[in-house]
Amino acid sequence: MATINVNLISGRSIQQGVAIEGGKEKPLYRTACGIIELDPSDLKELGAWKNTNVRVTSEFGSVVVKAIETTQGPHPGIGFIPMGPWANKIINPNTYSTGMPTFKGTPVRVEVAVDQQVLLGIELVQKACRGETV
Amino acid sequence: MTKIVTDVICPFCGTLCDDLEVAATDDGKKIIEVYNACVIGTEKFLHSQASDRVTRPRLMQADGSYKEISYDEAAEYTAQMMAKAKKPLMYGWSSTNCEAQSMGHEIAELAKACVDNTAAVCHGTTLIAVQDIGLPTCTLGEVKNRADRIVFWGCNPAHAHPRHMSRYSIFPRGFFTGKGHKNRKLVVVDPRPTDTAKMADIHLQVTQGQDYELLNAFRVALKGEWLPDVVAGIPKEKIYEAADILKSGRFGIIFFGMGVTQSLGKNHNIDEAIAVTKDLNDYTKFSIMPMRGHYNVTGSGEVMAWQFGYPYSVDLTRGFARYNPGDTSSIDLLSRGDVDAMFTIGSDPGAHFPFNCVKKISELPSVCIDPHLTPTSGVSKLHVPVAFNGVEAGGSCYRMDNVPIDCRKVVEPPEGMLTDEQFLIMVRDRLKKMKGVA
Amino acid sequence: METITITMKNQPALYLEADCVSPDAFAGMTAAQIAELSVYEGNVTGTLGKYFDVTGSAGTTAADTKIIVRGDVKKVKYLGMKMSAGEMVIEGDADMYVGAWMTGGKILAKGSVDAFAATAMKGGELTIEGNAGNYLGAAYRGDWRGMSGGKISVKGNAGSDIGMYMLGGEIVINGNIDVHVATHAEGGKVVIKGDAKSKVGGQMVEGDIYIFGSIDIMMPGFKPAGEVELEVEGTKGKFAHFIGDMGERHKKKKGQVIYANLYKKI
Amino acid sequence: MSEYVIKNGHVFDPVQGIKGDKAEVAIKDGKIVEKAGSGAKVIDAKGMTVMAGAVEIHAHIAGPKVNLGRIYRPEDKLFTCTPTKGMERMGSGNSIPSTFKTGYEYAKMGYTTCMEAAMPPMFSRHVHEEIRDTPIIDEGAFPVFGNNWFVMEYLKNHEVENTAAYIAWMLRATKGYAVKVVNPGGTEAWAWGLNCLTVNDPVPYFDITPAEIVKGLIEANEYLGLPHSMHIHPNNLGNPGCYETTLDTLKLAEGMKANNKFGRESVMHLTHTQFHSYGGTNWGDFESKAKEVTDYVNKNRNITIDTGNVTLDETTTMTADGPFEHHLTGLNHLKWANVDVELETAAGVVPYIYSPNISVCAIQWAIGLEIPLMMKDPMRCYITTDHPNAGPFTRYPRVFKWLMSTKAREEQINAFKHKDKVLTQTSIGSLDREISLYELAQMTRAGPAKSLGLGNMCGGLKPGMDADVAIYNFNPEKPVANPDDIEKAFTRCAFTFKSGVEVVRNGEIVSTGHKRTLWVNAKIKDNPQVVRDINEKFLKYYSMTQANYESLGHHFVPNPFAIEVDAT
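Residue numbers (numbering that gives the first Met the number 0), protein chains in the order written: chain A, 0 to 133; chain B, 0 to 437; chain C, 0 to 265; chain D, 0 to 567.
Since the hints were made in silico from the structure, they are not lab data. Positions of the beta carbon are idealized from the N, C-alpha and C atoms, including for glycine. A hint or two may mislead.
Stated by the list, open to error - Selected chain B positions facing chain A (Cβ under 7 Å, derived; list incomplete): (1) 39; (2) 208; (3) 325; (4) 330; (5) 350; (6) 361; (7) 374; (8) 377; (9) 380.
To be verified - Output of the computed footprint for chain A on chain C, the stretches with three or more beta carbons under 8 Å from beta carbons of chain A: (10) 51-61; (11) 155-168.
Let the sequences and hints guide you as you build the complete structure.
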């Protein structure tokens with residue numbers, strides 16, 4: 000199976016904003032934030048169709064999200080996961096003693112994971128806290 | 000019959016729009032329609048009306064299930080936790096009003112706790128930079144009335160602050176800006192061609208993590224000094240050109256966001272951006288402003304500063320206030336295992352902290368005060384649902400430019416539900432008794 | 000010189016703040032008196048003796064006092080804070096603020112130390128045989144008066160933001176460093192014998208940085224100014240000379256603009 | 000409410016002309032009374048000095064720029080934060096204390112009424128939230144008008160009545176106390192990076208001069224009959240040679256007469272006069288012009304002033320004079336904060352160290368003392384440090400020491416590195432006047448109270464006035480052995496009473512009292528034009544709605560005290 004390495008950034012999107020106000024226990028939150036936006040060239044290199052589940056892994060953790068074609072591109076080499084528990088499972092928590100984690104700029108590996116599920120937000124956090132794979 | 004409430008303040012982002020109109024039923028119980036708000040603000044008002052809303056405190060049981068308890072029991076549980084802890088962390092505050100923040104600070108003082116707000120994961124590094132070199136800034140109306148140069152650096156208002164551009168920054172016609180956006184030059188710096196960048200006269204697609212270098216190059220370019228051929232992925236000609244555009248305006252402003260506060264360089268990115276702004280004042284008038292996220296994170300910083308002297312990450316454990324992000328900041332406290340109880344209000348660290356910190360929260364005695372079900376409520380031992388501030392309760396809030404605006408109550412909360420402030424008063428009174436304070 | 004030894008016996012559950020552990024605070028005291036000094040674990044005040052065995056005795060003055068810290072003090076903050084004279088040896092790793100605000104005396108940390116060591120140091124010597132954390136020899140938040148004197152030596156690596164707002168004194172790192180070094184400095188000397196990453200010397204007004212290894216990304220504000228032969232910390236060699244930060248303000252002396260210098264070994 | 004009778008103390012009360020006589024002061028129901036009941040608690044003030052609670056006429060103690068100072072100066076608090084103690088909340092800050100510490104420190108020094116000197120109207124809710132959290136002392140706040148678009152547009156056509164109507168609206172909307180002017184026109188010019196350095200420099204776009212703004216605001220102030228006069232920080236602050244601009248500004252009040260029911264005689268209050276009394280053409284030939292300025296003020300009875308004494312500390316400068324702070328950061332290269340406020344004003348903040356080793360700082364120190372020593376009428380000259388600009392207010396006792404003791408002044412002059420320069424550039428060395436306790440009571444109590452239009456309420460011990468009393472451990476019958484004893488005595492009161500409540504005993508807080516917010520409610524004739532103008536500006540140019548601007552509910556001002564003015 001092909002894997003690609005991208006630089007992960009997280010951040011806001013309007014769908015993320017709507018979803019957090021609409022209820023983080025709801026599927027809409029997963030639709031908005033349980034995704035990774037990839038450049039079409041990176042999707043191609045990964046050998047994945049749009050809207051395929053992928054496992055994204057960094058030095059700090061691993062999470063399953065749905066790979067979608069970027070809405071604000073092109074940005075080859077950059078992956079974007081809207082801010083939320085999915086992104087935070089894998090971002091670099093190093094604060095460099097400033098109090099601020101490195102939410103943007105974490106090297107990650109992306110691999111296709113069609114048979115794995117993207118969890119709901121609260122479920123993801125609860126399972127991960129229990130030490131289960133998410 | 001319906002009644003229309005006017006001049007309603009939107010309790011979502013730091014733009015703190017105050018021109019919403021809300022149609023509610025005559026008995027003041029139900030919201031029917033929201034006018035003038037962005038899609039997020041509208042959702043915020045309407046979601047408060049969800050039929051499946053949790054309305055009573057819930058205590059997690061040993062098997063992971065929840066048991067409904069009374070507010071009295073919840074206040075007692077919270078006060079006990081605060082009284083027992085050696086180093087409790089009281090985190091959040093950015094989605095509640097200044098009155099509740101003030102009451103929370105009394106609790107923090109009694110319990111000798113650490114107090115921190117969501118700047119910790121948002122604009123905390125901005126505050127560090129401001130402490131290092133200052134901040135030439137202005138109110139948003141100044142931008143509307145005067146600005147002809149707008150820079151969005153590492154921020155994407157099209158998504159995060161949807162009405163910012165129409166109310167204040169790009170489109171409005173003001174006193175000296177009668178032609179609206181036609182007289183404004185827009186520069187966007189972002190590693191992605193975002194929806195904001197697509198509107199720009201110049202988009203500099205900076206290499207992610209090299210904003211500090213690019214900002215430094217701007218300062219060099221303003222002075223007309225030597226530059227390497229390419230900085231942070233941008234050819235030097237483009238940097239000189241952009242620097243000239245900024246210099247040639249009458250009134251300019253840099254808005255910046257988490258693209259710079261959270262990337263490598265952190266506080267120094269802002270530090271250098273402020274230095275660019277300061278330098279530009281040698282040629283014209285320039286200001287800079289952080290795009291604050293939560294609608295009242297600014298207020299939390301203000302109240303914390305006038306009461307304790309510092310805008311966030313305050314440690315009261317020794318009985319007096321101390322401050323040093325890296326030591327007294329939430330992420331470092333949790334990552335290092337330097338707290339033994341977690342009190343969350345008006346924010347969702349479960350969703351927005353790195354996972355190692357969330358796991359730590361799940362292992363601690365913990366209380367989450369939040370109208371919503373959230374990842375934080377999902378890992379906390381006690382969840383106390385409260386009225387939606389800005390919808391079901393009013394109170395003082397501060398916009399991203401520090402302008403104070405008093406939020407309005409639009410409808411009644413569901414029967415028997417308390418506001419943040421009311422619940423905190425119950426906790427404070429109990430804690431006072433436990434500590435033997437009159 | 001009298002020696003007092005404190006040995007960790009009861010680990011704190013959280014972290015311990017032991018700003019009393021300095022020759023200045025111990026001077027003139029017996030071991031029993033020292034054991035009664037206050038330390039803090041969160042909001043609970045305890046005695047030093049609750050956590051440490053205290054043996055030996057202190058000298059009459061700080062200068063006559065040597066402190067040996069034994070056992071696992073990875074979770075102890077503020078060792079040697081504000082010390083003005085005397086000596087301290089920390090045998091294992093220590094937490095934050097080792098030698099912070101120190102004005103004199105010597106500290107030898109045989110292990111590694113965490114962030115904020117030697118904050119705003121004015122004088123004395125701090126030697127770290129392991130690694131140093133972030134903000135080594137940096138200013139306190141908001142203060143433009145950073146390290147102004149003394150010497151810091153690190154055998155291992157150091158973190159980010161070392162020597163921020165440095166005004167004087169010397170920092171020598173044998174290993175590698177993370178991002179940001181001597182940011183906003185207006186004096187002083189920093190020598191890095193290993194590699195640096197990026198953001199080296201940003202916003203520097205005055206002062207000198209020597210880098211023996213590589214720099215991942217140069218600051219655009221440092222302009223090439225030729226090559227020089229130098230002897231640095233006992234090593235002779237050819238260095239590429241850069242002046243900067245060209246974007247920053249600079250003083251003039253006798254009509255000449257004074258820049259900060261960055262020397263990179265070739 | 001408790002009754003008290005203060006016995007055996009040496010009373011200094013300019014309102015009644017009592018100059019150190021042993022007199023009884025009786026307190027009942029929050030007021031000074033002729034005689035208290037037999038059950039009154041007796042306070043023995045033997046060997047002590049008894050004065051009315053002091054009145055602060057000009058300090059920056061609450062609001063956005065003060066808090067910006069707190070936010071951006073963690074180093075101002077390092078190692079000095081104070082713990083919860085009895086009734087006291089935690090405290091922090093040296094040059095910019097937290098709100099709690101501000102209230103406690105003033106009360107401990109015997110101050111009971113304080114004025115926040117510059118309230119940006121748009122930020123009035125913030126100012127009032129901080130005032131609410133400042134315990135004990137009564138406070139008012141001065142909204143700034145000197146760069147306000149409405150004011151400039153009205154006064155361009157000399158529309159005094161409309162200006163007055165606008166001021167009345169603004170005082171109501173912001174719960175403000177007086178008309179404050181800072182660098183008239185210059186701060187609006189600063190919105191474009193420019194300034195007005197003389198009273199005749201035109202304000203960009205608005206086609207008006209600072210002189211016209213100042214004169215018009217005095218006229219509007221007297222049209223309304225407000226308790227305080229127009230309160231001005233003139234153009235060209237802090238520059239060598241600025242005294243000429245100061246004299247030009249003072250002259251604008253010539254021929255104007257006070258019109259009010261409060262006993263106020265002045266029409267202009269010149270604040271922090273020290274910063275406006277500089278001669279010379281550069282920092283090298285910088286010199287004092289205190290004599291020229293005080294000569295003018297001595298001759299013109301419709302002017303009051305305060306001093307702005309430099310205390311030789313590290314401090315934080317903050318002012319609505321935006322261009323000045325930009326100028327200052329260029330001189331000392333320390334961190335610069337600036338906030339421009341739409342349609343109204345601006346503010347800047349820069350830390351500053353008044354070093355006794357720098358000649359300019361030492362000369363500034365001398366000028367600050369020359370002014371009160373040269374003023375003939377202590378009822379028209381008040382002691383301030385323009386806190387925190389020339390030094391923190393907590394240094395008042397040290398300023399009193401310098402004023403009351405030539406020996407203390409000599410000691411300080413001898414400690415300066417550039418002593419000779421101080422002596423050639425100022426006349427501080429030749430002034431042997433020592434301010435008496437009675438004069439001190441005039442300069443810190445009766446005088447500022449009168450200028451604020453509060454002369455019937457506070458600043459004195461006459462029966463019927465508020466029972467604000469400060470008792471100092473200072474025996475006026477004993478010669479002062481060491482000038483430092485003066486400083487010590489005035490730093491911590493033996494007792495402070497605020498509105499009849501004992502708030503300080505032996506220098507410690509024993510009650511947080513019933514703090515009030517003072518504001519002025521001016522009634523005017525209906526003025527539809529001004530109402531329309533206000534509506535229009537909000538629709539077009541403000542970034543918040545008029546309804547939200549005007550909403551300043553009870554929770555912001557929980558204990559208001561409105562001073563009513565009728566100008567209908």
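- request: With a cut-off of 7 Å on the beta carbons, see whether residue 350 of chain B makes it to chain A.
  value: holds (5 Å)
task: Please count how many residues of the region 51-61 of chain C have a CB within 8 Å of a CB from chain A and say whether that reaches 3.
output: Violated, because only 0 residues of the region 51-61 of chain C bring their Cβ atoms closer than 8 Å to Cβ atoms of chain A.
field: Per-residue hint verdict: residue 380 of chain B, partner chain A, C-beta under 7 Å
entry: violated (12 Å)
- prompt: Do the numbers back the hint for residue 208 of chain B, that is, is its least Cβ distance to chain A under 7 Å?
  reply: holds (5 Å)
query: With a Cβ-Cβ cutoff of 8 Å, does the region 155-168 of chain C contain at least three residues near chain A?
result: Contact hint for the region 155-168 of chain C vs chain A: holds, 3 residues under 8 Å.
query: Do the numbers back the hint for residue 325 of chain B, that is, is its least Cβ distance to chain A under 7 Å?
result: Since the shortest Cβ distance to chain A is 3 Å, the answer is holds.
field: residue 374 of chain B as chain A interface residue, shortest Cβ-Cβ below 7 Å
entry: With a closest approach of 4 Å, the residue 374 of chain B hint holds.
- prompt: Regarding the hint that residue 361 of chain B lies at the interface with chain A, is the smallest CB-CB distance below 7 Å?
  reply: holds (4 Å)
query: Close enough to count: is the Cβ of residue 377 of chain B nearer than 7 Å to one in chain A?
result: With a minimum Cβ separation of about 4 Å from chain A (threshold 7 Å), the hint on residue 377 of chain B holds.
message: Less than 7 Å between beta-carbons is the criterion; does residue 39 of chain B satisfy it with respect to chain A?
response: holds (4 Å)
field: residue 330 of chain B as chain A interface residue, shortest Cβ-Cβ below 7 Å
entry: holds (5 Å)
When each numbered hint is compared with the structure, violations occur for hints 9 and 10.
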